[in-house]
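Peer 1: Sequence:
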Amino acid sequence: MVNQCVRGEFEFHEVKAWGHFAYNIGTPAFCASTAAKRLNAGERQAACTEMWKWRYVTIAGAKRDCTLPQWSSKCGGIIDRRQWEMATCQGHLQ
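Heads up: the sequence shown at position 88 corresponds to 88 in our numbering, and the numbers run straight through without jumps.
None of these hints come from the bench; they were simulated from the model.
Just so you know, even glycine gets a beta-carbon here, dropped at the ideal spot from N, CA and C.
Treat each hint with caution, since some may be false.
[Said to hold, decoys possible] If you anchor each label on the Cβ, the simulated ranges turn out as follows:
| # | residue 1 | residue 2 | range |
| --- | --- | --- | --- |
| 1 | Glu11 | Gly61 | 32 to 42 angstroms |
| 2 | Leu68 | Phe12 | 15 to 25 angstroms |
| 3 | His92 | Glu43 | 12 to 22 angstroms |
| 4 | Thr67 | Ala29 | 15 to 25 angstroms |
| 5 | Glu9 | Ile59 | 34 to 44 angstroms |
| 6 | Thr27 | Ile79 | 20 to 30 angstroms |
| 7 | Lys53 | Gly8 | 31 to 41 angstroms |
| 8 | Gly61 | Val15 | 16 to 26 angstroms |
| 9 | Gly42 | Gly76 | 32 to 42 angstroms |
[Claimed, not checked] No more than 25 angstroms apart at the CA atoms, straight line, and that leaves these computed lysine to aspartate or glutamate pairs for DMTMM-like:
| # | residue 1 | residue 2 |
| --- | --- | --- |
| 10 | Lys63 | Glu50 |
| 11 | Lys53 | Asp65 |
| 12 | Lys37 | Glu11 |
Let's have the full structure, built from the sequences with the hints guiding it.
Peer 2: Right under this line is the structure:
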């Protein structure tokens with residue numbers, strides 16, 4: 001998945017985080033993302049923070065920010081998922 005568009009060697013925690021993230025948003029979306037571009041540029045920490053931009057869901061044709069209380073119940077845990085992915089990516093969780 002990730003190795004379809006990102007070059008380089010990665011630590012285990014990075015592989016785990018990026019695999020999880022790419023699976024969730026889909027390989028085509030991941031490969032087109034700024035996160036993938038930053039990874040290929042060697043900007044690993046900046047790439048990790050890009051994950052947070054993917055905290056939205058589409059409801060009735062409109063993007064909804066899952067951090068807002070009125071939408072959090074409709075987001076299926078996306079905020080917890082992104083927080084885990086970012087922390088794992090940055091090496092804070094193993």
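Peer 1: Now, for every hint given, state plainly whether the structure supports it.
Peer 2: Here is what the structure says about each hint:
no., hint, verdict
1, Glu11 - Gly61: 32 to 42 angstroms, "40 angstroms, holds"
2, Leu68 - Phe12: 15 to 25 angstroms, "34 angstroms, violated"
3, His92 - Glu43: 12 to 22 angstroms, "18 angstroms, holds"
4, Thr67 - Ala29: 15 to 25 angstroms, "20 angstroms, holds"
5, Glu9 - Ile59: 34 to 44 angstroms, "39 angstroms, holds"
6, Thr27 - Ile79: 20 to 30 angstroms, "23 angstroms, holds"
7, Lys53 - Gly8: 31 to 41 angstroms, "21 angstroms, violated"
8, Gly61 - Val15: 16 to 26 angstroms, "35 angstroms, violated"
9, Gly42 - Gly76: 32 to 42 angstroms, "33 angstroms, holds"
10, Lys63 - Glu50, "17 angstroms, holds"
11, Lys53 - Asp65, "10 angstroms, holds"
12, Lys37 - Glu11, "18 angstroms, holds"
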